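In case you want the letters, here they are:
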Amino acid sequence: MILSRRNPASFKLTAFCTALFLAGCVSVPLDALRLPPDYLARRSLQSRAYETTDEVKIIQSCAAVLQDMGFTLDESETALGVILASKDRSAVSSGQVIAAIALDALAAAAGSYSNNYAQTDKSQKIRASAVTKRSEDGSKVIVRAVFQKMVWNQAGQLSRLETLDDAEMYQGFYEKLSKAVFLEEQKI
Amino acid sequence: MMKFSKWAGALALICALSACAGNASRDVLEPDESQVMLRSIQTRAFETTDKTKLMRAVIATMQDLEFTIDKADDELGAVTGTKLYGYSMIKMTVTVRPKDAARMLVRANAQYGLKAIDKPEPYQDFFAALEKSVFLQAQQVD
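Residue numbers (this note's numbering), protein chains in the order written: chain W, 2 to 189; chain P, 8 to 149.
If you are wondering where the hints come from, they were derived from the structure by calculation, not from laboratory data. Warning: the hint list may mix true and false statements.
Covered, in the sense of this in silico footprint (three residues per stretch, anywhere, with C-beta under 8 Å from a C-beta of chain W), are these stretches of chain P [said to hold, decoys possible]:
1) 51 to 64
2) 72 to 80
3) 106 to 112
4) 117 to 129
In this text, all values refer to a predicted model and were calculated from it rather than measured experimentally. Idealized CB from N, CA, C, for every residue including glycine.
Given only the sequences and the hints, what does the whole structure look like? Please build it.
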């Protein structure tokens, strides 16, 4: 109380340091490895089944489709049915850059400094993983693909990481895969 | 009174900066918990001899937990994945190796940002999810 009434600057410093103290010592969340409630819906969105026993053919086709989509392969382990691929693209949006520069110019005109431009998106990496496995009865091969987007800002910091949940994108991937293997994909 | 509040501010700053300071170089090679305790928290045995099937179940479970697989090695029996939780990354490696003629050992270790996850609850959740995926009971290992 003494601090807040008599010296606002010092109060702000204390509040800032308390926030820093609490943030610095953030503890590990106990539910970090708990199944999310919507995991079955997500699994269904990301997976398709193909009526074949030729798992190698499916995984080879996954690699071919990812290459068609502009991805380069980062890792593969065919014994486990795993393919990992990525592509790097620009994330610069002219609207975002213009707004940031306008804000910085306004701040400069008002005599203060701001650097909103550094926070604008610069580059993005789309990561794709495709994992195949046999169904329990062995009659089908199930493919699960996951697409993820990582975005870096002009300051070089990772500013966003998100799993892409767009149903159309997954549908597009599986349609291409169906054409590649000459089989109709089935929702599971 | 002004002087007092300045000192209070400075003291708070020192506290904030030193709050989480530890001996950083010591953390690099030493486990944070007692090694035996940590191993027991992170390990379970499963009654199967099919290593590849168990590894595939580990990969499926990690995908259900929203991990992106970064590396998988069948021979080594290791799978590594990452996921975003809040504003920090969780990175986890799971290894599968034979324990005896009838059982396989699964060991998971994870880090949250710059901290090792050494509490039992997250690993209990992981093994519960893995049990669902392999239809096998996870056994505590001493």
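A quick look at each hint next to the structure:
1. 51 to 64: holds (count 3)
2. 72 to 80: With 8 residues close enough to chain W, the hint holds.
3. 106 to 112: violated (count 0)
4. 117 to 129: holds (count 9)
Violated hints amount to a single one, hint 3; each of the other numbered hints is respected by the structure.
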